[in-house]
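Going by the working numbering, 1800 is the number at position 352 of the sequence shown; the sequence numbering is gapless.
Since the hints were derived computationally from the structure, they do not count as laboratory data.
Keep in mind that a hint or two might mislead.
Below, a list of computed lysine-lysine pairs in the BS3-like style, where the Cα atoms sit at most 25 Å apart [to be verified]:
(1) Lys-1473 <-> Lys-1498
(2) Lys-1765 <-> Lys-1450
(3) Lys-1765 <-> Lys-1753
(4) Lys-1450 <-> Lys-1708
(5) Lys-1949 <-> Lys-1959
(6) Lys-1708 <-> Lys-1677
(7) Lys-1947 <-> Lys-1959
(8) Lys-1473 <-> Lys-1450
(9) Lys-1765 <-> Lys-1677
(10) Lys-1498 <-> Lys-1450
(11) Lys-1835 <-> Lys-1753
(12) Lys-1450 <-> Lys-1677
The calculated label-pair distances, taken between Cβ atoms and stated as ranges, are [to be verified]:
(13) Ala-1508 <-> Leu-1486: 15 to 23 Å
(14) Pro-1848 <-> Arg-1871: 26 to 34 Å
(15) Asp-1642 <-> Thr-1597: 38 to 46 Å
Every residue gets a Cβ at the ideal spot worked out from N, C-alpha and C, and that includes glycine.
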Amino acid sequence: MKDLVVLGFLGPNVDHAPRSARWTKWRPTVGLCQQPDLLIHRFELLTPTKYQKLADEVVADIAAVSPETTVVQRPFDLADPWDFEEVYGALYELARSYPFDPDREDYLVHITTGTHVAQICLFLLTESRHFPGRLVQTSPGQREPAQGTYSIVDLDLSKYDRLASRFVAEKRDAVSLLKSGIETRNERFNRLIDRIEQVALHSREPLLLTGPTGAGKSRLARRIFELRKSRHRLEGEFVEVNCATIRGEGAMSALFGHVKGSFTGAMRDRPGLLRAAHRGVLFLDEIGELALDEQAMLLRAVEEKAFFPLGSDRESKSDFLLIAGTNRDLGHMVREGRFRDDLLARINLWTFELPGLRDRPEDIEPNLQFELEELARRSGTRVTFNKEARERFLRFATGPEGAWTANFRDLGGAVIRMATLARGGRISTDVVDEEIARLRARWSMAAPASVLSDVMDATRLAELDPFDRVQLEHVVEVARRARSLSDAGRMLFIASRTKRKSVNDADRLRKYLARFGIEWNALRREDDH
1449 MKDLVVLGFL
1459 GPNVDHAPRS
1469 ARWTKWRPTV
1479 GLCQQPDLLI
1489 HRFELLTPTK
1499 YQKLADEVVA
1509 DIAAVSPETT
1519 VVQRPFDLAD
1529 PWDFEEVYGA
1539 LYELARSYPF
1549 DPDREDYLVH
1559 ITTGTHVAQI
1569 CLFLLTESRH
1579 FPGRLVQTSP
1589 GQREPAQGTY
1599 SIVDLDLSKY
1609 DRLASRFVAE
1619 KRDAVSLLKS
1629 GIETRNERFN
1639 RLIDRIEQVA
1649 LHSREPLLLT
1659 GPTGAGKSRL
1669 ARRIFELRKS
1679 RHRLEGEFVE
1689 VNCATIRGEG
1699 AMSALFGHVK
1709 GSFTGAMRDR
1719 PGLLRAAHRG
1729 VLFLDEIGEL
1739 ALDEQAMLLR
1749 AVEEKAFFPL
1759 GSDRESKSDF
1769 LLIAGTNRDL
1779 GHMVREGRFR
1789 DDLLARINLW
1799 TFELPGLRDR
1809 PEDIEPNLQF
1819 ELEELARRSG
1829 TRVTFNKEAR
1839 ERFLRFATGP
1849 EGAWTANFRD
1859 LGGAVIRMAT
1869 LARGGRISTD
1879 VVDEEIARLR
1889 ARWSMAAPAS
1899 VLSDVMDATR
1909 LAELDPFDRV
1919 QLEHVVEVAR
1929 RARSLSDAGR
1939 MLFIASRTKR
1949 KSVNDADRLR
1959 KYLARFGIEW
1969 NALRREDDH
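Work out the full structure: start from the sequences and follow the hints.
Written out as structure tokens, the structure is:
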């Protein structure tokens, strides 16, 4: 059983009583400790210094009526106890610094004593889980006036909408945490993060993060964990599993554990990663790689918080929040029989698709700065761009050539390479040009070959707008199939040539190609000559 801890203000007016009425007058702090069905292990008493004599008297009286209760006096001085900003700030700092231990202790926040401002602030900080407990109110009793009565208060902030504005700054901090402190500019991504923040703090249901490889699913999953942990919404650890790295019995054992002797090599019991995630977060990256048997066991573990370790007939329990990540179309995998429909139905209640980096060009600059700062933190050495080099890299990174096929892995790798080659901690244009060439080569190997690469150099190709590129590729493909320049012109201008009085398709095509520095002879394959 957990120890019960109460946090509350000393009430200079209500907790005071003349000696003649010491045991007949209702005093809320002492009366709370007199409740026969409320065994308080520790009372954290917030005490203004000028009322120290009264505090000592209250401590002595609590010792008389509840010797099991230890009272810890915490000095709590305010210049103006009716100033909302001052009171809220002081209580907020107390909540941030107090060593809460929800695994071993339950907390009650006493809101009968203190000024009305203090009571409101305690309410707000308890509702937001900065104080991870419940509210308790006390009042005089009819049968036992001095002892009084108490009630545990259920919170329903929807009745207090006018106070919601006070949480704007905190919401902003939470969103910033989910974005790793990066001031992202893409509207779609920012709306996505806003919704994830709301769900992460108010739902215990599984979350499914989808998107291309390297889009930041692992990083976001860890940030969700950190946000929930900071609000005392969980007490366990963050356990990450890449499902693509585990197979067969190894997958069963890694996830669900095993008992000694359950298979060859099982020399001792193993609790498994689901058990390690108890009261925390289990992040299953690439969940589509799990075999159907593991999917079935996972479904039961999510729904019933229980599973059987490999080779055991005794259930293990684990209450974890599941976050799943995938770059696959799980719906398509269900239709192919490679993913369980019932598991997908269970994990996609909250599905969030992360866009790739090339779909967020306006976010490349703040992410570039973030990668530089992360590198400085890890290496202890700060590296910066000179102005021209930074502009050149961003022009390439945000332009049509910026494929970013591996997303943030590409960007992070580029920063590491440029920083390593930078002399004197400054990335020059020469270093940028070398990195741009390296990225072009890498992406060209991964992308289908363009017919234009045979007739245009890489520099001119990079300067093409996507509109011109698509049209020019089609023209080149048609021209290569044609027997002559005139034949190609007839195929390309088949509609407009009928509306012209004078038709010279070959000349029209020759002039179009010349706009891009391409000659007809350059389009002919060697076997055509």
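These are the hints, each one checked on the structure:
1. Lys-1473 <-> Lys-1498: The given pair, whose Cα atoms are some 23 Å apart, holds under the 25 Å limit.
2. Lys-1765 <-> Lys-1450: 20 Å, holds
3. Lys-1765 <-> Lys-1753: 6 Å, holds
4. Lys-1450 <-> Lys-1708: 33 Å, violated
5. Lys-1949 <-> Lys-1959: 19 Å, holds
6. Lys-1708 <-> Lys-1677: 34 Å, violated
7. Lys-1947 <-> Lys-1959: 19 Å, holds
8. Lys-1473 <-> Lys-1450: 31 Å, violated
9. Lys-1765 <-> Lys-1677: 21 Å, holds
10. Lys-1498 <-> Lys-1450: Distance ~34 Å between Lys-1498 and Lys-1450 Cα, so the pair is violated.
11. Lys-1835 <-> Lys-1753: It is violated: about 55 Å lies between the C-alpha atoms, which goes past 25 Å.
12. Lys-1450 <-> Lys-1677: The hint holds at about 20 Å.
13. Ala-1508 <-> Leu-1486: 15 to 23 Å: 20 Å, holds
14. Pro-1848 <-> Arg-1871: 26 to 34 Å: 31 Å, holds
15. Asp-1642 <-> Thr-1597: 38 to 46 Å: 43 Å, holds
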